[in-house]
Amino acid sequence: MPQTADTGRDAHSAGTSVLSTPAGLRTTDLLSIGDLSAEEILLILDTAEAMQEVGTRAIKKVPALRGQTVVNLFFEASTRTRTSFEIAEKRLSADTVNVVASGSSLAKGETLADTVRNLEAMAPDVIVVRHAAAGAGHLVAKLCKARVINAGDGMHEHPTQALLDALTIREHKGCFDGLRVSIVGDLLHSRVLRSNLLLLEALGAAVTVCAPATLMLPEAARFGVRATTSIDEAVDGADVVMLLRIQLERMQGHFFPSLREYFRCFGMTAERLRRAAPDAIIMHPGPMNRGVEIASDVADGPGSVILEQVANGVAIRMAVLYLLSGGQGG
Amino acid sequence: MADAVVLRGGRVVDPANDVDGHVDVFIEESRIAGVGVDLILPEGVREVAVPDGCVVCPGLIDMHVHLREPGQEHKETIATGLAAAVAGGFTAVACMPNTEPANDEAGVTRLILERAADAGLARVYPIGAVSRGRAGEQLAELGELHEAGCVAVSDDGQPVASALLMRRALEYAGMFGMPVIDHCEDMSLADGGVAHEGFRAASLGLRGRPAVAEQILVERDIALACTTGAAVHIAHLSSRAAVAAVAAGKASGARVSCEVTPHHLALTDEELDAYDTRYKVNPPLRETGDRAALVEAVRDGVIDVIATDHAPHHYDEKLVEFDQAPFGVVGLETAVSVCLDRLVHGGVISLGRMVELMSVNPARILDVPGGGLSVGAPADLTLLAPDLPVQVDSTTFRSLGRNSPFDGRSFKGGVAATFVDGRAVFVNAAVSGADQLQIGA
Amino acid sequence: MPVVMSSDQVARTIARIAHEIVERHHSLESLALIGIRTRGVPIARRLSEALAEIVKVDVPTGVLDITLYRDDLMRHPVGPQPVLRRTEIDFSIDDRRIVLVDDVLYTGRTIRAALDALIDFGRPRAIELVVLVDRGHRELPIKADYVGKNLPTSLQESVQVRLSEVEDRDEVVIEDAPDS
Numbered sequence: 000m001p002q003t004a005d006t007g008r009d010a011h012s013a014g015t016s017v018l019s020t021p022a023g024l025r026t027t028d029l030l031s032i033g034d035l036s037a038e039e040i041l042l043i044l045d046t047a048e049a050m051q052e053v054g055t056r057a058i059k060k061v062p063a064l065r066g067q068t069v070v071n072l073f074f075e076a077s078t079r080t081r082t083s084f085e086i087a088e089k090r091l092s093a094d095t096v097n098v099v100a101s102g103s104s105l106a107k108g109e110t111l112a113d114t115v116r117n118l119e120a121m122a123p124d125v126i127v128v129r130h131a132a133a134g135a136g137h138l139v140a141k142l143c144k145a146r147v148i149n150a151g152d153g154m155h156e157h158p159t160q161a162l163l164d165a166l167t168i169r170e171h172k173g174c175f176d177g178l179r180v181s182i183v184g185d186l187l188h189s190r191v192l193r194s195n196l197l198l199l200e201a202l203g204a205a206v207t208v209c210a211p212a213t214l215m216l217p218e219a220a221r222f223g224v225r226a227t228t229s230i231d232e233a234v235d236g237a238d239v240v241m242l243l244r245i246q247l248e249r250m251q252g253h254f255f256p257s258l259r260e261y262f263r264c265f266g267m268t269a270e271r272l273r274r275a276a277p278d279a280i281i282m283h284p285g286p287m288n289r290g291v292e293i294a295s296d297v298a299d300g301p302g303s304v305i306l307e308q309v310a311n312g313v314a315i316r317m318a319v320l321y322l323l324s325g326g327q328g329g
Numbered sequence: 000m001a002d003a004v005v006l007r008g009g010r011v012v013d014p015a016n017d018v019d020g021h022v023d024v025f026i027e028e029s030r031i032a033g034v035g036v037d038l039i040l041p042e043g044v045r046e047v048a049v050p051d052g053c054v055v056c057p058g059l060i061d062m063h064v065h066l067r068e069p070g071q072e073h074k075e076t077i078a079t080g081l082a083a084a085v086a087g088g089f090t091a092v093a094c095m096p097n098t099e100p101a102n103d104e105a106g107v108t109r110l111i112l113e114r115a116a117d118a119g120l121a122r123v124y125p126i127g128a129v130s131r132g133r134a135g136e137q138l139a140e141l142g143e144l145h146e147a148g149c150v151a152v153s154d155d156g157q158p159v160a161s162a163l164l165m166r167r168a169l170e171y172a173g174m175f176g177m178p179v180i181d182h183c184e185d186m187s188l189a190d191g192g193v194a195h196e197g198f199r200a201a202s203l204g205l206r207g208r209p210a211v212a213e214q215i216l217v218e219r220d221i222a223l224a225c226t227t228g229a230a231v232h233i234a235h236l237s238s239r240a241a242v243a244a245v246a247a248g249k250a251s252g253a254r255v256s257c258e259v260t261p262h263h264l265a266l267t268d269e270e271l272d273a274y275d276t277r278y279k280v281n282p283p284l285r286e287t288g289d290r291a292a293l294v295e296a297v298r299d300g301v302i303d304v305i306a307t308d309h310a311p312h313h314y315d316e317k318l319v320e321f322d323q324a325p326f327g328v329v330g331l332e333t334a335v336s337v338c339l340d341r342l343v344h345g346g347v348i349s350l351g352r353m354v355e356l357m358s359v360n361p362a363r364i365l366d367v368p369g370g371g372l373s374v375g376a377p378a379d380l381t382l383l384a385p386d387l388p389v390q391v392d393s394t395t396f397r398s399l400g401r402n403s404p405f406d407g408r409s410f411k412g413g414v415a416a417t418f419v420d421g422r423a424v425f426v427n428a429a430v431s432g433a434d435q436l437q438i439g440a
Numbered sequence: 000m001p002v003v004m005s006s007d008q009v010a011r012t013i014a015r016i017a018h019e020i021v022e023r024h025h026s027l028e029s030l031a032l033i034g035i036r037t038r039g040v041p042i043a044r045r046l047s048e049a050l051a052e053i054v055k056v057d058v059p060t061g062v063l064d065i066t067l068y069r070d071d072l073m074r075h076p077v078g079p080q081p082v083l084r085r086t087e088i089d090f091s092i093d094d095r096r097i098v099l100v101d102d103v104l105y106t107g108r109t110i111r112a113a114l115d116a117l118i119d120f121g122r123p124r125a126i127e128l129v130v131l132v133d134r135g136h137r138e139l140p141i142k143a144d145y146v147g148k149n150l151p152t153s154l155q156e157s158v159q160v161r162l163s164e165v166e167d168r169d170e171v172v173i174e175d176a177p178d179s
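Residue numbers (numbering that gives the first Met the number 0), protein chains in the order written: chain X, 0 to 329; chain L, 0 to 440; chain A, 0 to 179.
Keep in mind the hints are simulated off the structure, nothing from the lab. Bear in mind that the values here come from a model prediction, so they are computed numbers and not experimental data. Where hints are given, some of them may not hold.
Pairs of lysine-lysine residues, derived as DSSO-like cross-links and limited to a Cα-Cα distance of at most 27 Å, are as follows [to be verified]:
1) X/Lys141 to X/Lys172
2) X/Lys89 to X/Lys172
3) L/Lys411 to X/Lys141
4) X/Lys89 to X/Lys59
5) L/Lys317 to X/Lys144
Residues of chain X clear of chain A, computed beta-carbon distances all greater than 10 Å [said to hold, decoys possible]:
6) Thr46
7) Glu48
8) Glu85
9) Val96
10) Glu109
11) Leu142
12) Leu178
13) Thr268
14) Gly290
15) Leu306
Idealized CB from N, CA, C, for every residue including glycine.
Full structure from sequences and hints, please.
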């Protein structure tokens, strides 16, 4: 094929510096971190780093997704994730529509399948879906041609959260190989955990998970992680300490007796953190329960990168939207 | 004599009468009139050649199906369920009482039997509810249910949660010779789970139903069976621990029998990766080790019966979030293929043992006719085609339910024909030479 | 595979363009160079070094990735998205004279995208264009202010600029584009 435009030349003359990165993503939907190879994860992180610059401009907008329609289909309230996606979409010039459960036909008893088929009839290009049921994104993807991004499905996964966590870790630690990452909190119910385990394993980090036995990840060994119920053991020597949210309603399921007791046994305090590496970073996917899983002086302390995680969320979502909007690579 | 037929040249497998060989089966006036070689036949008997490779066996009995009528006719009707049964080689089914209203009184039992007679396909043996409205509180009128035609009692769909009620049910139903069939699961431990509690559910973010929930109720039921001396039948065994509990119970002399489904023998929770609701079933598909233990128990005799737990659902009901989808798979039209392929061709059991599991033992446990080709018995026969290649296509099902976990899969072995009372109620056109099996019509 | 510019010719051409830039501007105070990824970047850096030698002024130099402004982005859904790399312009372009630098000028679409991108960064007083090679076949009304070499080509040919910062040597060659 003769060159028809000099804008096409990147594709014809890839420099040696980019040989290790794949041409694109093989998947057209991002439902699980398991959909991505290690190289694809790094491509997303690299692309997100380039996207970060767009957010520093006077005019924070590029025309890349001009004319693309993105539906943010949120069946669970989530100010942070929805706002992050929406800003990412707008910075890429996509047309965005927010569908939230309370204002939609869902309240009228329509099934997810019918909701999605009706949206599909209006030809969106991308659907970002957040739902309380694991696998909801799989169902949406099965029913429509639009590309689907899982923005959190029940206790299953939250892939863009793990990607933004990885971007934040890489900014501080450079690489993942052998990095000691400790994850503490409600492991059993956490979709953030599941995405992070897949991602950190793919990139070679050494992960320790810690929770009360009632909230422990079942079959932790089969996930390739070290598990402990001792917070001190978990924090010992950690380069990254990631805390997960404790949902207040878990007390009803006999998972732990009280928030007070949880904090006493598992809350991350400055005292406990002294066992971690001196330059350890503290992460939390939010929203935080101060005084439950994390003490305020840790959340606001020097090692905390919690707000950087939020900032990186926009760049990661821009990268994912951009890369998924291409054709299938590989 | 128009009503007299002899099936010639087929291999006959009739373990109840210790027959396995190429013999003739003589049918006269809807009954078995003789099995053997050189039978002395009256004049005018129609001779029918059994198609090459086909096996004649006593009619298969599925002692655990959900026919949905009355009340949920959008899922299945008695007529469509029985059409599926005969297409799957079953000459009789026992139907669970979780209809709407529940089969907890004689009127419902009579309606089921009436509709079954109208359909004129497979026999139906209704199973009555243990408790009124299957609510687990007050015993249903088991005496009247028995009189109306119920052959066993169960609150299937859920366990008899109260140990006291279970004890009373065993004692009371025992008076009428009816076993109590229990769906064994401690509901507080099951805790709203939708998949087997293990690595797969944990990685998919699905709430788990632990195997110990099944084990606890199996052990309780066996202890109660010992105490009362009554017969308990454990429905759809699914876990290694529950198999061990049944084996121990049998060894101790308890009157316990149990069944397993073809899907639990063939599949594991590894099927759940794409959240395909066709694999959502209760008890859940468990792990490789559980499946292996079930297969081993089929081989060594701990398991008495293979039953399908045929549970049709409307496709809309399954096209929802995994959490929201109803439990259950259809099984009537695939059971024979799965069992022939995985168990017989798979070298686990002989054809004779398969007939015991799917005909002899269900008849014995429910104390109903069938299970053998004895002279004078109703001529309920299944013709198996053990080498027939079968590709499952749910769109061709007689059942209204399309929720088959085996849809699209290929198996070696199928059904050639099904006879009830000496009459062909199903003939498989895919079997060459099957056209002449149209007898008694 | 005819070599149309040798390593020496590339070096002399860049030096010549630097002199032309100096000639055309009374002062380089408000000047900035912006190289378009990939090969516009090393050319811009070399120009900057050349200018520093000639007039002893450090001209700010930036890097522009025009990927997000390409006009073919969402129009070929069969292929993967082009790789995005970082734009690095750590100075304000407001009221500056911007010299945009690229290796080959062909249809003009890259330059169109670069102009759109630059406008999002601010309001320069003027934008000029440097290219090492102009091979013709314009599809947009765009013209370079400084041209290293005019190189008439056919549509079947492709022009490859190689620079030691990216490849192993400096040269410009014409290749027959593989017919596929």
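Does the structure keep L/Lys317 and X/Lys144 at a Cα separation of 27 Å or less? holds, 21 Å
X/Leu306: least C-beta distance to chain A exceeds 10 Å? holds, 22 Å
Classify the label on X/Val96 as holds or violated, using whether its beta-carbon is more than 10 Å from each beta-carbon of chain A. Consistent with the label, X/Val96 stays out of reach of chain A, its closest Cβ about 18 Å off (over 10 Å).
Proposed proximity, X/Lys141 with L/Lys411 (alpha carbon, max 27 Å): Violated - the C-alpha atoms of X/Lys141 and L/Lys411 are around 31 Å apart, more than 27 Å.
Is X/Glu85 truly not at the interface, in the sense that its beta carbon sits beyond 10 Å from all beta carbons of chain A? holds, 18 Å
Grab the minimum beta-carbon distance between X/Leu178 and chain A and tell me whether it stays above 10 Å. For X/Leu178, whose nearest Cβ neighbour in chain A is about 24 Å away, the distance exceeds 10 Å, so it holds.
Check the hint pairing X/Lys89 with X/Lys59 against an upper bound of 27 Å on the C-alpha distance. Roughly 9 Å separates the two Cα atoms, so the pair holds.
May I ask you to check that X/Thr46 keeps its beta-carbon over 10 Å from the closest beta-carbon of chain A? The claim is violated: X/Thr46 sits with its nearest Cβ about 5 Å from chain A, within 10 Å.
So X/Gly290 supposedly isn't at the interface. Is its beta-carbon more than 10 Å from every beta-carbon in chain A? Label holds. Min Cβ-Cβ 40 Å, cutoff 10 Å.
For X/Leu142, which was marked as not at the interface, is the minimum beta-carbon distance to chain A over 10 Å? holds, 20 Å
10 Å cut-off, C-beta based - X/Thr268 kept clear of every residue in chain A: Fine: 39 Å to the nearest Cβ keeps X/Thr268 off the interface.
Over 10 Å to the closest beta carbon of chain A is the bar; see if X/Glu109 clears it. holds, 30 Å
The structure fails to meet hints 1, 2, 3, 6, 7 from the earlier list, while all remaining hints are met.
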